[in-house]
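Participant: Residues per chain are reported as follows:
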Amino acid sequence: MSEVTVRKQRPKHLALNEIRLPLPGFVSILHRVSGAGLFLCLPILIGLFGMSLGSPESFESYKSVVGNPLVKLILLGLLWAYMHHFCAGIRFLLLDMHKGLDLASARSSARMVLIASLTLTVLIGVKLW
Amino acid sequence: MVNRVVVGAHYGLKDWLAQRVTAVVMAIYTLYFAINALMLPAMTYEAWSGLFRGGFTRFVTLLFFLSLFYHAWVGVRDIWMDYVKPTGIRLVLHMLTLLVLVGYAGWVAQILWRL
Numbered sequence: 051m052s053e054v055t056v057r058k059q060r061p062k063h064l065a066l067n068e069i070r071l072p073l074p075g076f077v078s079i080l081h082r083v084s085g086a087g088l089f090l091c092l093p094i095l096i097g098l099f100g101m102s103l104g105s106p107e108s109f110e111s112y113k114s115v116v117g118n119p120l121v122k123l124i125l126l127g128l129l130w131a132y133m134h135h136f137c138a139g140i141r142f143l144l145l146d147m148h149k150g151l152d153l154a155s156a157r158s159s160a161r162m163v164l165i166a167s168l169t170l171t172v173l174i175g176v177k178l179w
Numbered sequence: 184m185v186n187r188v189v190v191g192a193h194y195g196l197k198d199w200l201a202q203r204v205t206a207v208v209m210a211i212y213t214l215y216f217a218i219n220a221l222m223l224p225a226m227t228y229e230a231w232s233g234l235f236r237g238g239f240t241r242f243v244t245l246l247f248f249l250s251l252f253y254h255a256w257v258g259v260r261d262i263w264m265d266y267v268k269p270t271g272i273r274l275v276l277h278m279l280t281l282l283v284l285v286g287y288a289g290w291v292a293q294i295l296w297r298l
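Just so you know, the sequences run in chain order A and B.
Going by our numbering, the first sequence opens with residue 51, and the numbers climb by one from there.
Going by our numbering, the second sequence opens with residue 184, and the numbers climb by one from there.
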């Protein structure tokens, strides 16, 4: 009973524009945002995948669709989302195995995830276009 | 005396584990795909579709997509559970998520097997 009272009195501060997330928290919320974005764009991605494999004709129309600068920009964004989700996911798997749990290494690995995913996005983006 | 350890129903554990197993499958496939794509001589329809025409690659590509959909199911369901409080709306969103993901699985199988 006393526990419930204490809980109710706990101050809440959920002003999202005022909260300053530490780097690991930033990586964590981006993991969720990138995952949600990828999920929402699945029909686009599967549709393009199907176009690219349908027939030589549909492959040509696939090429002209992804040649559109706006589509390129969206795909580049999704590539970053995939890379971030990938790198942050590996970090979370390592944390699950109790690797890098102390504050200093958690912060530096969060920084590494952000740098690695951006670098991979740029490298693959340059390679593709 | 009943010697019973209360450990819950394990629903959470199963999904926690599935989320990680599917993640590892996708990570390995991503590397496999990246290496194969880098070795393509040119980006032509023949070369690109040839990549997925092989029995092994077709099989592991389907495995990747099925892992992706299961992974997306756990992740998106978690998002609905965190942010959507009214039970009715949440249930509808869960069902819609599940249905589109099952539909995507059929779509991908069709793309791969008509090659």
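No lab work stands behind these hints: they were computed from the structure.
Quick reminder that beta carbons are idealized off the backbone N, C-alpha and C, glycines included.
Treat the hints with caution; some may be incorrect.
[Claimed, not checked] FRET-style restraints, in silico, Cβ to Cβ: (1) ALA201(B) x VAL83(A): 20 to 28 angstroms; (2) ASN118(A) x PRO224(B): 34 to 42 angstroms; (3) PRO269(B) x TRP179(A): 38 to 46 angstroms.
Participant: For this structure, which hints from the list above don't hold up?
Facilitator: 2
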